[in-house]
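K.L.:
Chains as they are written, first to last, in numbering that gives the first Met the number 0: chain A, 0 to 161; chain B, 0 to 101.
Worth flagging that the hints you see were computed from the coordinates, not collected in a lab.
Treat the hints with care, since some could be wrong.
One side only, chain A facing chain B, incomplete, derived with CB under 8 Å [claimed, not checked]:
| id | residue |
| --- | --- |
| 1 | R64 |
| 2 | A124 |
| 3 | T125 |
| 4 | P128 |
| 5 | S134 |
| 6 | A138 |
| 7 | R149 |
| 8 | P150 |
Short, incomplete list of chain A residues facing chain B, as computed with Cβ under 7 Å [what the hints assert, rightly or not]:
| id | residue |
| --- | --- |
| 9 | G129 |
| 10 | P133 |
| 11 | R136 |
| 12 | P137 |
The structure displayed is predicted, hence computed values, not measured ones.
Quick reminder that beta carbons are idealized off the backbone N, C-alpha and C, glycines included.
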Amino acid sequence: MDVGEHRVPAADWQPHCAGLAAAGSSMLDMLTAVDDPDAGRIEVVAHLVDVDARQRHLVWTTVDRAVAELASLVEVYPGAAWHEREVHEMFGVTFLGNPDLRPLLTTGEVGFPLRRTTALPARVATAWPGGVEPSDRPAPGRVAARPRSRPGPPGIPAQWQS
Amino acid sequence: MSPHARIALIAEQCTSCMVCVRECPTWCISLAAHQELDGDPGARRPRTVNVLDTFTIDWGLCMYCGICVDVCPFDALEWRAEPVAPTSAAEGLQHGIADLRP
Numbered sequence: 000m001d002v003g004e005h006r007v008p009a010a011d012w013q014p015h016c017a018g019l020a021a022a023g024s025s026m027l028d029m030l031t032a033v034d035d036p037d038a039g040r041i042e043v044v045a046h047l048v049d050v051d052a053r054q055r056h057l058v059w060t061t062v063d064r065a066v067a068e069l070a071s072l073v074e075v076y077p078g079a080a081w082h083e084r085e086v087h088e089m090f091g092v093t094f095l096g097n098p099d100l101r102p103l104l105t106t107g108e109v110g111f112p113l114r115r116t117t118a119l120p121a122r123v124a125t126a127w128p129g130g131v132e133p134s135d136r137p138a139p140g141r142v143a144a145r146p147r148s149r150p151g152p153p154g155i156p157a158q159w160q161s
Numbered sequence: 000m001s002p003h004a005r006i007a008l009i010a011e012q013c014t015s016c017m018v019c020v021r022e023c024p025t026w027c028i029s030l031a032a033h034q035e036l037d038g039d040p041g042a043r044r045p046r047t048v049n050v051l052d053t054f055t056i057d058w059g060l061c062m063y064c065g066i067c068v069d070v071c072p073f074d075a076l077e078w079r080a081e082p083v084a085p086t087s088a089a090e091g092l093q094h095g096i097a098d099l100r101p
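Model the full assembly from the supplied sequences, consistent with the hints where possible.
P.N.:
This is the structure in structure tokens:
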């Protein structure tokens, strides 16, 4: 199936998807987000499918990380309610017009788990098994080699590590 | 393609280099090793070798991604067809060197 990529401003998000729906993309397959903290924004993507024409559409938009508000697609695709609820819980994007954005799993202590700046308590509380070296227990008469810099757990910001 | 049911450790080939432990995304591998003198102890500077003491895979954490198998520089980890045996407690999913034998 062909994939059409669309990048639209946040203001055009709902009208653009409504236009694709009116043109035959009757199925919302998926709606999710990608956090980009360096750019200070969150990208939201919807995957729409025109089943009859065998055509797929990926519609991307960006919202400001600090404000993180976007028009809801529930008027166009009622099934978007569930995806938006998940994106709201995991990325903290508020979908204006979605009637039910209650969190499904989180209780509010961790923040938004899929934002890259959110520390995951389990990763902070658990000792990384890669932090030891065989040379920590040297042969008799030898001293432990102290590497100049110990590797830290990959993908975990240094400020999370104690 | 070989069946990906569990991962076996060929302990004789393991050099305790820690690469698998550090690459594992779920932190399910842990390893303890010490160093010993190798060869003539009277030599001016005898070599030291790593000796593997314990090697544990926690199958309750493993997601069977196979990154450890791919990154092992000495082919000490490999896929096996027979699945991990069921147990009644989480501790039973922690397999050591003896359980991980091919």
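K.L.:
Of all the hints given earlier, name the ones this structure violates by number, lowest first.
P.N.:
1, 2, 7
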